[in-house]
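J.: Can you make the complete structure from the sequences, with help from the hints?
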Amino acid sequence: MAEHYNLKRADFIFRNENDWEKILSRTLEKDKQELINELISSELKGRGGAGFPTGLKWKLASEAVADQKYVICNADEGEPGTFKDREILTKVPFKVLTGMGICGYISGASQGYIYLRGEYKFLKADLEKAISEFEYYCKEINFDFNIKIFMGSGAYICGEETALMESMEGFRGEPRNKPPFPTNQGYMGKPTVINNVETLAHTFTIFKHGAKKFYDLGVQFSRGTKLFSVSGDTPKPGIYELELGMSLQDFVDEFGDGDTKAVQVGGASGFLVPRKRFGVTSIGFKGKLTGISLPTGGSMMLFNSTRSMFNVLDNYLEFFREESCGQCTPCRVGCQQLLLGIKAVKQGQKQAAYLDKLLKLTETMQYTAKCGLGQSVANSFSSIVENFREEMIY
Amino acid sequence: MSKKISISINGISYEVDPEKTILEVANDAGIIIPTLCYHKDLCVAGNCRVCVVEVVGQTRLAASCATPCHDNMEILTNTLKVRNSRKHIIELLLSEHNADCTKCYKNGNCELQELAAEYKIMSQDLIELVNHKNYTIDMYSPSIIKDDSRCIRCQRCVRTCAELQGVNALAVAYKGDHMKISTFFEKSMNDVVCTNCGQCVNHCPTGALIEKNYIEEVWEAISDPEKHVIVQTAPAVRVGLGEEMGIEVGTRVTGRMVAALKNLGFDSVLDTDFTADLTIMEEGTELLTRLKKALVDNDPKAKLPMYTSCSPGWIKYIEHMYPESLDNLSTCKSPQQMFGALAKTYYAKSRKLDPEKIVSVSVMPCTAKKFESYRPEMHDSGYRDVDYVLTTRELAIMIKQAGIDFKKLPEKKFDRLMGESSGAAVIFGATGGVMEAALRTAYELVTGREVPFENLNIAPVRGMDGVREASITIEKPLEQWSFLDGVELKCAVAHGLVNAKKVMEAVKNHEADYHFVEIMACPGGCLGGGGQPIPTNPEIRERRAKAIYEEDAFMPIRKSHQNPEVIKIYKDFLHKPMGEKSHKLLHTHYTPRKRY
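Note that the protein sequences, when read in sequence, are chains A and B.
For the first sequence, this note's numbering gives the first residue as 1, with consecutive numbering after it.
For the second sequence, this note's numbering gives the first residue as 1, with consecutive numbering after it.
Bear in mind the hints are in silico, worked out from the structure with no lab data behind them.
Watch out, some of these pointers could steer you wrong.
[To be verified] Computed footprint of chain A on chain B, listed as stretches where at least three residues anywhere in the stretch have a Cβ under 8 Å from a Cβ of chain A:
1) 61-74
2) 121-135
3) 138-146
4) 220-231
All C-beta atoms, glycine included, are put in the ideal place defined by N, C-alpha and C.
T.: Right under this line is the structure:
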């Protein structure tokens with residue numbers, strides 16, 4: 001029997017607080033180990049998509065031995081249907097900068113970077129102003145930490161952490177082999193903590209209010225709150241901070257237009273959930289209910305009965321075909337095959353059974369692709385094809 | 001050395017070094033894992049994904065070439081999941097590949113074809129992507145053909161051009177379905193910094209990069225009764241050709257190669273080694289002259305160090321990358337072009353032939369030599385000095401086409417007049433060989449004594465280190481060279497253009513004060529040339545080098561200046577090294593080029 005959680009709104013991230021200086025100086029006085037323990041006990045997981053425990057990441061970087069380390073804020077927000085990082089950087093940049101500073105203190109990095117999505121160039125001037133104010137304060141309290149903005153150039157793949165570092169180093173944005181992981185060898189081969197914008201904003205909440213306050217929100221394995229970018233067939237699109245663990249039914253009751261056929265959770269690289277499974281799907285990291293994970297940063301796209309799921313999938317595949325970096329075979333060729341394959345079925349050039357071959361192909365892509373992009377194409381493909389097979393054929 | 005860790009592959013335990021990858025450990029254990037993007041000469045890319053294996057406890061498969069082992073790792077290389085995934089990946093590659101194998105130059109020597117055969121890819125399921133793409137074939141380079149429709153995007157060529165050669169003529173362009181291997185602004189290979197070295201050809205697993213072949217042209221010339229077709233063979237060919245004929249790597253096949261060339265119908269089978277010896281006479285004299293001008297006359301025009309000029313890939317490289325240093329290059333033509341110029345003058349005259357009727361063919365371990373033969377300055381005989389340049393591989397194709405059972409051929413000797421050589425000329429085929437040959441002759445010219453090394457083997461310049469340095473102090477020189485008394489002659493040897501760059505930078509930054517530097521464009525020197533049999537890797541090159549030095553050791557004459565045909569040509573025709581005729585026929589000039 002599935003547990004149900006009512007939709008619980010929260011207001012941490014965008015709450016207007018002017019105390020970042022106090023939080024920063026107060027936190028920097030604390031013992032590093034104590035801060036790591038605090039972060040670990042909050043059970044904050046990365047809000048960029050992969051859901052790696054943030055406390056553990058900082059711990060690993062702090063333990064790495066090197067003459068130079070880095071903190072990178074990943075602001076290459078590119079997942080279709082995600083637009084929360086833009087808002088965070090616009091409204092509450094100091095929370096992010098403070099999170100970076102504290103991370104630098106804990107991990108031993110004196111240099112931070114914000115990798116800003118190319119299309120967010122309009123944020124740059126204001127962000128730079130905030131950075132200079134932040135750096136000025138750091139100097140005042142004798143804290144050696146600087147932040148630079150690095151502009152992306154529009155490739156989706158550069159949101160992948162190692163491709164992002166390649167790009168920053170002046171190379172083609174292609175994901176690296178892992179291991180080594182960035183906490184050991186990241187930017188310029190040095191230990192690097194790379195976190196999503198929202199993750200860093202949450203660390204501010206944790207260091208301000210304590211881990212317990214954060215931990216008490218949400219459910220087991222999915223603690224705290226999360227920003228959701230709500231779009232599609234909804235009367236109230238926008239960004240909402242909600243506790244994790246809600247059922248998708250509750251979400252649709254709140255945001256749907258009364259005719260919601262399906263919800264794409266987690267953007268193009270996420271899953272499509274059809275109406276019949278709303279009640280048994282909860283939104284959070286693995287382990288609860290049906291175990292839908294959040295492969296990306298909280299994009300929620302609602303589709304009503306006027307929408308063709310074929311068109312939806314076609315659109316996603318078109319996106320992946322173009323945004324694959326092209327280096328590994330399963331992703332580069334697989335995406336092309338999937339796209340042409342569903343078109344061929346739709347146009348009757350291939351039989352319906354070809355869809356099953358394509359499903360097998362996505363399985364191979366999931367097992368063998370080099371990075372998260374190629375691995376996660378299977379998510380939307382299989383969830384759409386399996387639930388709306390007839391729409392793919394007729 | 002770190003502690004060994006224990007892992008298991010397919011249920012059998014192994015104690016291994018933790019630095020090793022799954023692929024290395026499996027190969028050591030005799031377990032074969034298919035690869036495509038992996039190459040022993042290059043850094044790990046991990047992008048073809050055909051080498052995936054299962055690691056117990058992980059849903060995703062691991063690319064064995066890119067995954068280091070860790071303690072208690074359990075690896076499975078032959079599960080249903082692994083086999084199906086590999087098969088799927090090969091199918092995907094084939095769907096993107098112009099798999100018209102029978103019309104491909106690499107038919108029979110293609111790694112993708114081999115894997116397709118191994119995994120029995122019979123299904124027609126996937127959609128052919130080749131037709132959806134506007135593939136182009138770049139045929140403008142006289143050396144290399146680039147056919148994107150046969151490219152599997154493994155990036156071996158890109159890594160070769162960057163890591164081995166430091167040229168970066170080839171790079172990845174675009175992303176997603178448009179991703180391709182391209183050049184600066186997608187220009188032809190002929191119009192970019194490409195040195196024509198052909199290392200990309202040697203490292204390409206498919207037929208995407210191949211040499212431009214001149215097989216039909218040569219057949220036509222041979223069958224023309226009006227033409228007198230002569231052929232010269234470079235030293236490295238005789239230690240590589242056997243590989244193409246199913247003979248073990250590192251076997252010297254000089255006699256059989258000569259016999260085969262005679263069977264093919266060449267009118268005279270001659271040896272580039274003859275002009276290699278001549279090169280030593282010219283270049284050695286040039287070096288000594290430069291030393292005198294620089295050390296005694298303080299002539300600012302006498303530039304040191306002097307760089308060797310035998311390797312046309314290196315010549316094109318320095319023209320693009322260091323045009324300000326062209327005066328440091330020896331003005332000697334490469335042995336191939338010296339031979340070409342003499343073929344239509346000295347040879348024609350001696351044999352009473354009309355040079356117009358002579359077709360001069362060369363067999364080279366090299367693709368850059370094709371470009372070189374097209375250079376406008378290579379017409380000093382009044383004709384095109386070398387008409388056609390074949391690679392070792394092309395010669396092998398001709399031998400097979402002619403129905404010659406190579407293994408059973410009786411050994412034959414080169415024809416006379418430009419067919420005699422010394423051991424010093426043979427070692428031109430290995431990195432350090434030109435240096436060693438030059439020192440053997442120059443030292444003796446200056447002191448009247450043999451170089452002070454056991455059996456004339458100058459060990460410090462041998463080997464496979466990227467840059468090697470040696471020095472030799474000249475003591476008690478003959479009277480005319482007295483200015484060299486006590487001079488420590490500083491030499492360096494570099495092979496692979498990425499190492500050439502190191503030397504050039506060191507000289508530029510005054511960190512090195514060499515007098516004489518040998519540079520070969522290809523790893524291992526000519527024996528690892530872009531026209532040599534495929535595959536190539538460090539072990540293969542070591543074995544070819546060993547064969548070269550054996551060939552030298554067995555030669556009755558070991559020093560260039562003792563080659564009787566060399567002595568004869570100076571007596572009858574050239575008169576003296578760096579003389580007027582030499583200057584006209586054997587020396588050349590260079591062209592500054594831009595990088596973009």
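J.: Are the hints correct? Go through all of them and say.
T.: Here is how each hint holds up against the structure:
Counting residues of the segment 61-74 of chain B whose CB falls under 8 Å from any CB of chain A gives 5; the rule of at least 3 is met. Using a Cβ-Cβ cut-off of 8 Å, 5 residues of the segment 121-135 of chain B lie near chain A, which meets the minimum of three, so the contact claim holds. Residues of the segment 138-146 of chain B with a Cβ under 8 Å from some Cβ of chain A number 0, which does not satisfy the need for three, so the listed coverage is violated. Evaluation of the coverage hint for the segment 220-231 of chain B: breached, as 0 residues show C-beta separations to chain A shorter than 8 Å, against a requirement of three.
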